[in-house]
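These protein sequence lines are chains A and B, in that order. Quick note on the numbering used here: the first sequence kicks off at 1 and runs consecutively. Quick note on the numbering used here: the second sequence kicks off at 1 and runs consecutively.
Everything labelled a hint here was simulated from the structure, so no lab data went into it. Fair warning: this is a prediction, and the values are worked out from it, not measured in the lab. Hints are supplied without guarantee of correctness; some may be wrong.
Said to hold, decoys possible - Calculated lysine to aspartate or glutamate pairs in the EDC-like style (CA-CA distance at most 16 angstroms, straight line):
hint, chain 1, residue 1, chain 2, residue 2
1, A, K473, A, E377
2, B, K465, A, E168
3, A, K167, B, E112
4, B, K465, A, E171
5, B, K166, B, D258
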Amino acid sequence: MEFSFPILSMITLSPLLVAVIILMLPEERGENARMLGLAAMVFGLVLSLWMYITYYINLEDVSGVLWEDTLMFMETYEWLPSIGINYIVGVDGLSATLVLLTAFVGVGGVLISWSVPDRPREFFAFFMLLVAGVHGVFVAVDAFLLFFFYELAVLPMYVMIVMWGWKERREYAGMKLTLYLLIGSFISFIAFLVLYFTPLADGSTIGTFDLRAWAEVDFPVQAQIIWFMPLFLGFAILSGLWPFHNWSPDGHVAAPTAVSMIHAGVLMKLGAYASMRVGIQILPIGAVYWFPFVILLTLINVVYGSLIAMRQRDMKYMIGYSSVSHMGLVSMGFAAMNVEGFVGAGIQMVSHGIMTALFFAIVGMIYDRAHSRNMDELSGMRHVLPLPTFAFVLSGLVSMGMPGLSGFIAEFPIFMGVWRGRGINIEGTFGGLNPADFYSIVAIMSALGIIITAAYVLRAINDVFLGEYEPEKWHDMRPIMAIDKVVLISFGACLVIIGLFPGVIAPMIESGVTPVVERLNDAQLQDPFTVLEAVNNVTTDLLAWFGGA
Amino acid sequence: MNEYLAILPEISLLVVLVFVLGADRFVAEDNRRQVGMVAAWGALVTLLITVGVWWWYEPFNASLNSDLATSVIWGDMLRMDMVTFVFRVMFLLSLLLTILISLDIEHLQRPEFYGLLVTATIGFNLMAASVDLVMLFVALETASISLYLLAGFSTAEQRSTEAGMKYFVYGAFASAVMLYGMSLLYGLTGELTRVLGVHGINLNVVGETNIYELAQAIAAVPEMPEGMGVYFVVTCVLILAGFAFKISAVPFHFWAPDVYEGAPTPVTAFASTASKAAGFAVLFRVIAAGMFGSYAVPLVVEDGGAAEWWIIILAMCVFTMTIGNFAAIFQTNLKRMLAYSSVAQAGYVLIGLLSMNADGAGAAMYYLLMYVATNIVAFGVVILVSNATGADNLEDFYGLNRRAPFLALMMLLALLSLGGIPPTAGFIGKFFIFKAAVDAGLWWLALIGILNAFIALYYYLTVIKYMYLYDSDAADVAIPVSRAARLGLALGGIIVLYMGTVANQAFVWTTEAASAFFAILN
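Bound-form chain A, shown alone (with noise of 0.2 angstroms):
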């Protein structure tokens, strides 16, 4: 569906000539960046959240199985046409609830380092530009583009936490970072290039970076079984799957609040996103052979994450374990393959961006004033912090499921939905072993994750706000400002809000997560005997090929 007017463009561009604004500033006036910040998010947030009401009044029309039917605001350039490349922008429903995350998300970062006291004009400078990036890569619907985005993305969380992350681990983590993240990429690259390249049943190869034509056609199914993985796991290092995760607990330490913020509240989420759009939309075939195998690795991450969560004393790495154990939900929801598994994972993104970029903004007032993230040091916060204390609380129970609460409402389908994956059709693909078998034993399995995430969650709020308060041990505690209560209070606002009533997103993801489930299940339909006979073909094609090497 066109739109006259560039919408998508203002807003994934307007953060990116704010930023070069905000650069010519001269130095004295480097005060004014925070301003000329704070103006550009809210128009974004304001824009964004006129798309998503526009699209949810219209949802009726935008609604298929077709993903090029689902898009709205498109807007189509031409960039380097001869090799299929163009500026083309549009979203569906999900990246629609994504693009108004980020907004919202980036006007909370902002909020949050009001006073950063370090080179405000560099500092608001290279966030416009990561919430540029970001915002880039939901709305792209070149592929080309997606990557470009996506690179731009990562860039700025190196130079940020480099340069106002905590000093002890910063260079370590945001190198460890910038390197995972952008190798992942360019191996989801490569195959997708090859891809390009492929020939088609009818001989002719895709010829364009248009993702729609991608979401359309149907690769070979040896192809599609051998570039899967690279293709997926390229990107899903960036939404912290196991065992490629390790960045992502170090990256949450090491950067400053407003940018452990956007790094777990949407950065991830970009990973998740990408990883579903170019790889399973593109190869459902692929992801029907490799998910009974992500969906271990998925339950690794959702129970490993988890126990590690406990074991540690530091709040922000507390906080970041618990992100790669809620970010694996997300990665089961996708491997259930089937519309809850799908509905669920996307809610999931939404409601954990929000509350843990509400933690890391408390865990950020706390060290403010107290210096300290230890939680044997820390104790009866409440008693200082009456605010953070209620809004820890509430996303720490959002964070267990508890129902009435966002995460219950993202929770639960993802349970059910790999539940209900012990249906799938994919008898014989490994020799014998019945992958169906799995999903069962994952569903039940990773409830104990939920387990685990109270079990650590009650333990902080025990140890860090209940207790003695020890006046004598803080000099600089000091009350909160009213721009952090504005963050905390409309971060909270929003975690009930989609527990209470869950329609006001569940059915854009719903029609957003539709197309992509549609592939799948055609995909699924496919005669197990064909697909074996390809694995067969896969098989001896890669030792001929190794030992002909």
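Fit chain B to the supplied structure of chain A, relying on the hints for placement.
Okay, now just chain B, sitting in the frame of chain A:
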């Protein structure tokens, strides 16, 4: 008339040379900067002439096609096609930027300096255009000898003299080896004609030095006699050695770090961009002409092996990237680090050559074009910083953002571009290269390239970290940036950003050029 029009840029450069050398007489002793100004304007005018003739003079434009008969001129010595045009733009851009950033370095404000830069550029231009082994050698030496002198230009500095000497010794050796290869080939032409005659093909190439004629004759041989093939392989190896020296590919890279570190930095900037691009121009020309045989599709030669040159260049490419990058990690001197990085960058361009399709050659040219702008910006910043601090170790770049935000920003752009991060040109350049490689079925080579790009990213990011994060003792001492240098850097930066975002015009140019390259073969 067209023939003169075709070499108008070279004529214009000659005029500039005369003006530069002559200007010395008329410029006051205390205002030597004027000489540089003459050279800078000259370079700009030449650049405008080059682009202008191509852009507006339709008949000339039309002859820049793949038709060998109309595009080969001056007694089959030169070829005026899009390839020549694109490379010329590269060299002139490199010349212009180099002059701009070195305009205010006092010990270099001498007419000889600018004169030699211009001579070298004439040499590069002719290298890119030459399609005859004799012409090629003459052009190459014109450029090389100028560069030897330039490398040793700071006679007051010991390391500059050493660099000049080292460059000369290595360079002369490489030229000799290459010349030997060429003469061997020349000697083989008689036997080649005889063999062709035996097979009933009437093609006389005795004493022929034109690369297209030679390639045609070699391709026409139905069956290479036992023993003769070996000679061709030896020829190929010897000639490739000479080219590999020019592009500083492993194992002929040993001179590069020493020379790049020791030479005056503007010369380093010039030699690491224009000279390398010129090396690639001749390498591409000779390979694409098919002079070493089997160009069409590598890896599918009958007996299951690839053409010999392909294997040689593959090894060169992989080792160049890997060794260059790993060596760069351990450097403590920024100039030396950039030297190793530019060794590694040559490896990526070789991927474009190995793909052996028009896309690959186009991508390589695009890469070179952006690399010229990028690397000159990087070295330009090094020049300005080391001019102020007197050293170019990594510590001297600590806290550069506070001392000179503009320089830090430009360096940031350049390093991102070298590392291949958007929105800079390096990202698009690498994308084209890897795309071409995957198209040719070389996805594993693209993967090697990408892993290398990330090793490289490690040390580029380290420099960014030093500039933005670390504090230096001299944090409050501002670094002066002259207007000309600011202009030069900004121009380079704009090109880097332009080619990284809009990209289409440069891409169209390079793709057209590459198709002209390969159209000849069919």
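Against the structure, the hints come out as follows:
no.: 1; hint: K473/A x E377/A; result: 9 angstroms, holds
no.: 2; hint: K465/B x E168/A; result: 15 angstroms, holds
no.: 3; hint: K167/A x E112/B; result: 51 angstroms, violated
no.: 4; hint: K465/B x E171/A; result: 8 angstroms, holds
no.: 5; hint: K166/B x D258/B; result: 8 angstroms, holds
Against the hints set out earlier in the document, a violation occurs for number 3 only.
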